[in-house]
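Given two chains presented individually in distinct reference frames, assemble the corresponding complex, making use of the accompanying hints.
The chain contents come next:
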Amino acid sequence: MHVTVPIAYHARHRPQPGVNAMRRVILAVLIATLSAGFAVADTSRPIIDVHIHYSHDAWSMLPPPEAVKVLRQAGLKKAFVSSSSDDGTQMLYRAAPDLIVPVLRPYRRRGETGTWVKDPTVIQHVEGRLKANTYAGIGEFHVFGADADLPVMRRMVELARERKIFLHAHSDADAVARIFVQDPDALVLWAHSGFDQADKVRAMLAKHKTLWADLAFRSDHAPSGKLRPEWRQLFLDYPDRFMVGTDTFTPERWHYVVEHASYSRQWLADLPTDVADKIAFGNAERLAAAVLGK
Amino acid sequence: MKRLTAIAACLAVAGAAVAIAGSQGRNAVEPAAFSADEREAILSHGPWPPPMPPDPSNRVSGNSDAIALGRWLFSDKRLSADGARSCATCHDPAKAFTDGRDRSIGLVRVDRNAIALANLRLNRWYGWAGAADSLWAQSIRPILDPKEFAATPELVRARLAADAAIRAAYARVFAAEMSRDPPERVLVNLAKALAAYQETIVTARTPFDDFRDALARGDTATLAHYPLAAQKGLKIFVGKGRCTACHLGPNFTSGEFEDVGVPYFVEAHRVDAGRFAGIAELRRSSFSLAGPHNDDAVRADAAPTRHVEQLHRNWGEFRVPSLRNVAATAPYMHNGSLATLEDVVRHYSQVDEERLHGTEGQRLLRPLHLTREEASDLVAFLKTLSSAVVSQR
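First to last, the sequence lines map onto chains A and B. Here the working numbering is used: position 247 in the first sequence is 247, and no number is missing along the way. Here the working numbering is used: position 271 in the second sequence is 271, and no number is missing along the way.
Source of the hints: derived by calculation from the structure; they are not laboratory data. Any given hint might turn out to be false.
Subject to a maximum C-alpha distance of 30 Å in a straight line, what follows is the list of computed DSBU-like cross-link-like pairs (lysine-lysine) [unchecked claim]: (1) K226/A / K207/A; (2) K118/A / K77/A; (3) K240/B / K118/A; (4) K209/A / K226/A; (5) K226/A / K200/A; (6) K383/B / K69/A.
Chain B on its own, in the form it takes in the complex (with noise of 0.2 Å):
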């Protein structure tokens, strides 16, 4: 009695509230209450997972044997100068597709942390910084970078090459004879290859998907059987926590670029400029959708390339991460400084509003200044946004 009674008030405080039956099934749980607000939040985050069209800009995109051959270069060392290490080095598919570090260790330490890899034709920009916009122009900078594979065209087409396995498949998936194409057009090629691998790593349906489902369609059993502390910490995700300001829509992100608070030294003397050096990167690249690699003719998805501006703000911007997966994918942030989705939570609980600034009326950072319980409640609810396997069409 007491518990219709405690429904009854919330849905008469909510309005049009919807609240979760908790009577069937034998792992029932007791029920939350969500405003019609709330339940539309909660809705646009699915279903999942949405369409994911090949990439236009990729003449690969979606082909099995460019996938097949993307896969086996992932793991092949033969792109690193000192043939030590691969993709796969710091993206492990035994590890979400990262390698669990802070900061990676490409020839030396690199930067940032390994940024999972998983839904990735979702993005518009690439890397912590953005400094790619497409996953084959992303997938060449490791390669060609001093501190990572420290790799050249002329390198890699040397030794690949060499590989009558690899020539074999390059020409089935090109149409081209790899030891002929110039060094450039086949570097390119070959990223296209290990995009077209990449882009078939898609996370699988959750927890939360099934209960989002649930939610759209008033399966009230199904609703019932998403863990209580989940569903409170569902309700401050898309309520007083302005979680969803950033990380919105299906892949829980906005795929923009924000400052939240992170210190971003490097070490003493040196500052990770993010977004900022993004930018310029990304103007100073050959490999951009506006230059002469994209196999778009039209290039419609160049615009934003064309378009993007460096702003004060950019500096020490980051970009705003997928949360699909994101119990598996610790430790967190841009340089993995937080350790645990518990200490994310505290560290948005407890943000430094003067570390931020944004435009007044604009921040859209504040602390959240959470109870223990409902810190704990936020971290259960975003252990239900992974599911034990990373599937690979």
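With the rest of the complex left out, here is chain A (with noise of 0.2 Å):
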């Protein structure tokens, strides 16, 4: 397997001006005919989202069917999925496999967010998932500090690197740290991350060059669609490091995808097209296809 190692921001990636003038014509538009304020889903940029969750309490509510139809309305080219159980992302997979890039949860159930590390069956059950079941990662799981060194996860660095699969880490930089200290060659996906400033995830990024960071339930890099400069800089200078998720942590978050995938090409628009592309939906694609080795 060959994954790309990002490349940083070079002077070919200049903003090009008249594409941009007609995308904030367009988005002009569509924000102004906002009903509700709620969202028209734009589509003209596609979205991979890497953060969806389709727990068991989502399936009653948005049996799969319903679900990808939210997905798909949104827009979206992929959609990362890990699920407590894992039963709900193989039902969203087998629904539409073109669709779903399955993440494996360790969680068998909800409530294992705070457990889930010092358990040592989540082993087996992990171990049992990945052979009968074909995953892009491990993850999403909660992990932070010290705790990344505990046995449990260190089994689920070791499966990552035999299976050549990304891990998602909802972690502190202390922990993705640990990680990238058990197998410095780990392909992570850095949830949210890390709810750090953009200097700490600059850092982490120069440091790690297999480090990706998805911009999940996070508004303070675009308040109200608009990129704060020190967040621009950074998409610009580490244009293949990130993307964009939802977090459908409840049932209902499913109905903010559609909302979360026009936030999100609202201020994807503020940045050079092919960066946008890449935020949007290349480094996700490019993450998928290799660890899924298409």
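Put into structure tokens, the structure is as follows:
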């Protein structure tokens, strides 16, 4: 397997004024036509949403065909899905294999967020699932600080290395660093960019060349859909390292996927087209293709 | 002797703890002990009532003629298109200005519980989603809402201008002739009269307020009359319960919006987006403080409206309600989904953490895992935040 190590921003990634001006006009019209505060789905820029959960309490409220419909309404090219339990991911994958990128959450049910890393039975569960199904990664799991060095987490890192798949870590920078100590070549998708400030995220990306960062459940990089300068510069400097995601941590938040995709398109329009496309879908697409061998 | 030993132990553990002497008076109770931090937290919930100055965005706020007109309008069914309902239908003065339903009934069943009307001058935002930034703007909302009164400014003016008494009152309050004012101005003015009246709805002092003030002045005799269960519940409220993170100050609310793990599906395939939708509605509204109807020339109070931003976290957030008179305002939560205070305490005791997000370190809610006695004590405390009457100045 070969994963292209992200490259830094080069002079060729200059903004394209004409394209961006037109995009802004279209965006302004779109915003003006909003009704009830909810964005109309402008699907002109494809999105890969890398932070979708389809956990058990969503299944009855939003059966697989309807969940897939929501993802398509949002104009998603693909969705990285992990669920408590993994059965949710499998159901969605069967319903739309072209759309769903399965990621194995180590939680067998809700309520394991704070205990899984100290529960050795999780290992057997994950190993069994990895044998039975195809996954692009293991996660999203929650691990912080020194807990990343516990045996269960160490085994997750080993399994990811053996299978050449990524780890989707909802972690602080310390835990991410510990993962890279265990496997310097680990592929890590850092959930929520650790909720860290731009300078801290920058330092992590500079240090770890196979670290990607998702922007799920963050509004601070682009309040009201307008990029903050420090984040804009970070995206320009590391255009190959960011991805977008909604985080459907409750069933209700499935009804936010379309809105979130529209929000993402809004701030992405503030970037050069090639950079925006990478963050919108290109980086996720390449990662998925690399780990799934496609 | 055993009791004295217990008190001494409490004092030793709590450092600067304040133990309430319980030996005075016929109804005296066993004392609880409060640390210096707990004491400070308790005192922050008073005194009651706090100052409630007139609303600068409403030129008739505090005007007695406006209050009288607003009181009349509050029960006037001509404000609704079908003439069948008034403000008092869902905010019944006999029911602490609620309707006792989980979700209220307008022209159709609406999505939310009728939030109790009291102490409204202390609000920064109005309604469960904060879609209004003033009481007068909030008073317009149900009149125009197709699911509630479904009226129009034209309809309101036509109906009320036909009533000589209303016409006269309007002229007295606003120095204008109702039938000659544009319909939207009439609607806004009537809403400002409605607001002037609602501002007068203030909850009375409660047993907690007596306790709090006695604690402030070191009045051990009065302190001892506050039930022990309530004292223990109060200790949980300001301590391990972390309730004061949101229910703070004399009005027991931050005035902000939170997702406390209450499901917010309205029905299958439809959610109540809460604060997220409220901000959008606020931005669209021509009746916000940033609009032309704000009577405050300086408009200093419009800054939050101009700067409030939609955040991902706002999806499914609802206003932190005041706990004043909470025992009289069941059912609870934005959709009335919890019938009793016991249910509310159970919710927080067993809250599903995975329904909550929050950035790490900022999550306020954790399951309290209260014992049955602790839950009972917390309810006992909450009940002392209620008074038998809601006074109208």
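Each hint tested on the structure:
The suggested pairing of K226/A with K207/A holds, with an alpha-carbon distance near 28 Å, which does not exceed 30 Å. Between K118/A and K77/A, the direct Cα distance comes to roughly 36 Å. Violation of the 30 Å bound is thereby established for this hinted pair. Pair hint K240/B plus K118/A holds up; C-alpha atoms about 26 Å apart against a cutoff of 30 Å. About 28 Å separates the Cα atoms of K209/A and K226/A, which keeps this hinted pair within 30 Å; it holds.
Restraint check: the Cα-Cα separation between K226/A and K200/A comes to about 21 Å, which is no more than 30 Å; the hinted pair holds. As the CA atoms of K383/B and K69/A are separated by approximately 47 Å, the hinted pair breaks the 30 Å bound.
When the structure is compared with the earlier hints, violations turn up for hints 2, 6 and for no others.
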